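Asks: Below, each chain spelled out in residue letters.
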Amino acid sequence: MNRSIVLALTAAILFAACVLSMGVGAVYIPAGTVLQVLADNLWPGGVIETAHSATNTIVWEIRLPRTLLAVLVGAALASSGGVMQGFFQNPMADPYIMGISAGAALGATTAVALELEFWMFGLNAVSVLAFMCALAVTMAVYAFSRRGGRVASTTLLLTGIAIGAMATSFTSYMLVMGGENQRQMLFWLMGSLSARRWDHVWMLLPYAAVGLTIVLVYARELNVLLLGDEQASQLGVHVERVKLVLLAAAAGLAAAAVSVSGIIGFVGLLAPHMVRLIVGPDYRILTPMAALAGALLLVLADLVARTAMAPAELPIGILTTLLGAPFFLYLLHRQRRV
Amino acid sequence: MDTAIKVENLSCGYDRRPVLEGLTFDLHQGEMLGVIGPNGSGKSTLIRALTRILPLSHGQIELYGRPLQLYTVREIARQIAVIPQLTPATFAFSSLELVMMGRTPHLKRFRKEGPEDREIALEAMRRTDCFLFRDRPIHELSGGERQRVIIARALAQQPSILLLDEPTSFLDLNHQVEVFDLLRHVCASDGLAVLCVSHDLNLSSEYCHRLLMLKDGRTYADGPPEDILTHGHIKAVFETDVTVIKSPYSGSPQIILKPGD
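One line per chain: the protein sequences are A and B, in this order.
Numbering that gives the first Met the number 0 puts the first residue of the first sequence at 0, with every later residue one more than the last.
Numbering that gives the first Met the number 0 puts the first residue of the second sequence at 0, with every later residue one more than the last.
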């Protein structure tokens, strides 16, 4: 099948899932009405039929930002995971491999433990600290792995594990000493999109847009990097520069996503693998498809997370892992048989 | 004859352990130069130095009269293509996709491959006789077929110099001959300069115009095969007694091993 058709089809399915997600909840809103609200808000010059209504508030102020956030987080994690798998030539690599989730968790639990109350760019202390710690840990991992201007992928992987483990043990300490804040910490660690508003969307959007653009522009170089550093260099790829750019983009995507959503497992690992089975290893199609698939997975997972046990909400990270892991096992099993 | 690569007093190695020490030689346009020597004599290190993967500690490499370090990796890849040892394929790219990667040094960042790039790739595949399996994933191909795809990728780079790093190790006998026949043919018709690193003395002797014999990181002997593959040289470099005979087909010197007592 033609690549643009596959992309367009997946995008259409994603759009349908988004409309469904905005309709379902404590108050059911038919798809037609959802579309009407979107149209009214996007083209405010016309006749506004739904303005100032409760429906408008539910769709535009509550469900749309949450759905968009699911799209952005899913796309960011999945594209980042796909790049990391190629970069490390390791199918088990995921967006958190450079200690990003460990850093973000440390930042978030610290903010909760110290009961920090400040706002930056419309975001609360938990998100801000999570983002900063995720980036700090990633930079530490990179700096530690650098030897004579070169970074060996294996060293980077192992350094990420070691520094990540250190951050995780600090996080565990915070949790144990957390007292009445423990529940809030745990909820963040399991990932959730509950109560996210436009501020979170605006925070994530620039990182997602820039990061995705970079990994798409460098898709051809990433293909060549799959042949190994030496062959890539002999084919004219400036290996160290391309690796640094790709790593920064993938780490930025994951760090920004995790800081608004908490740790959502398996999407970044699963989505690229699923897509690879369908469209093959070429990153020029794999990356955009992984982003769409990740977005789709997260929109659906969030839909289940907030409706399955309503009015209670499940942490979305529990769901993605619970659904993702068996599916992943099935894919592995099927692949081995072929 | 035009000089493609000029190596002067080259020393390089890993960390503080030098592998090449004071190597000097020229590679001319249109010639096939075989680099031979025992393991650890610096054969593969030479390829890595010539593609600037390994920095030099002393000496100089000139590519068409200009120091190699003044070129970008992209510019080098437009002049020099490398054919590596047969490497295990761990991904499912099709043969054509892999050959298209040879166009990398010719493409601008935001430009996609055009129809002319595709035509260059397909033409390279026709020349190396792998056009028929252009859509098959490379991990399904036999070793000989895969190496022909890699040669097509090198041709798609449109280089003026080919570096071969043990191109036929891990290949069956029939594929060894097939690959070298092909290389000799494309080099002659395109006027390429070829440097072939190999541990196979007989193949090197059969196909190369000139042999460069390395010992401990420096030139031990340099000249036409009949001057290089002698009992004395091989005894000195490989510490083995052999008999040298003339090939009944081409007259090139061929080695017969003498078993120990």
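Read the hints as simulated data drawn from the structure, not as lab findings.
All figures in this text were calculated on a predicted structure; none of them were measured in a lab.
Even for Gly, the Cβ is constructed at its ideal location relative to N, Cα and C.
Do not take every clue at face value.
What the hints assert, rightly or not - Here are the simulated lysine to any residue pairs, SDA-like style, with alpha carbons at most 25 Å apart: (1) 111/B - 241/A; (2) 107/B - 9/A; (3) 111/B - 18/A; (4) 111/B - 143/A.
Claimed, not checked - Covered by chain B, according to a simulated footprint, are these stretches of chain A (three or more residues, beta-carbon under 8 Å): (5) 180 to 187; (6) 223 to 229; (7) 276 to 286.
Claimed, not checked - Listed below are several chain B residues computed to face chain A (Cβ distance under 8 Å; list not exhaustive): (8) 72; (9) 73; (10) 87; (11) 90; (12) 103.
Asks: Each hint should be assessed against the structure and marked as holding or not.
Replies: Each hint tested on the structure:
| no. | hint | in the structure |
| --- | --- | --- |
| 1 | 111/B - 241/A | holds, 18 Å |
| 2 | 107/B - 9/A | violated, 29 Å |
| 3 | 111/B - 18/A | violated, 35 Å |
| 4 | 111/B - 143/A | violated, 36 Å |
| 5 | 180 to 187 | violated (count 0) |
| 6 | 223 to 229 | holds (count 5) |
| 7 | 276 to 286 | holds (count 3) |
| 8 | 72 | holds, 5 Å |
| 9 | 73 | holds, 4 Å |
| 10 | 87 | violated, 11 Å |
| 11 | 90 | holds, 5 Å |
| 12 | 103 | holds, 5 Å |
Hint compliance for this structure: hints 2, 3, 4, 5 and 10 are not met, and every other hint is.
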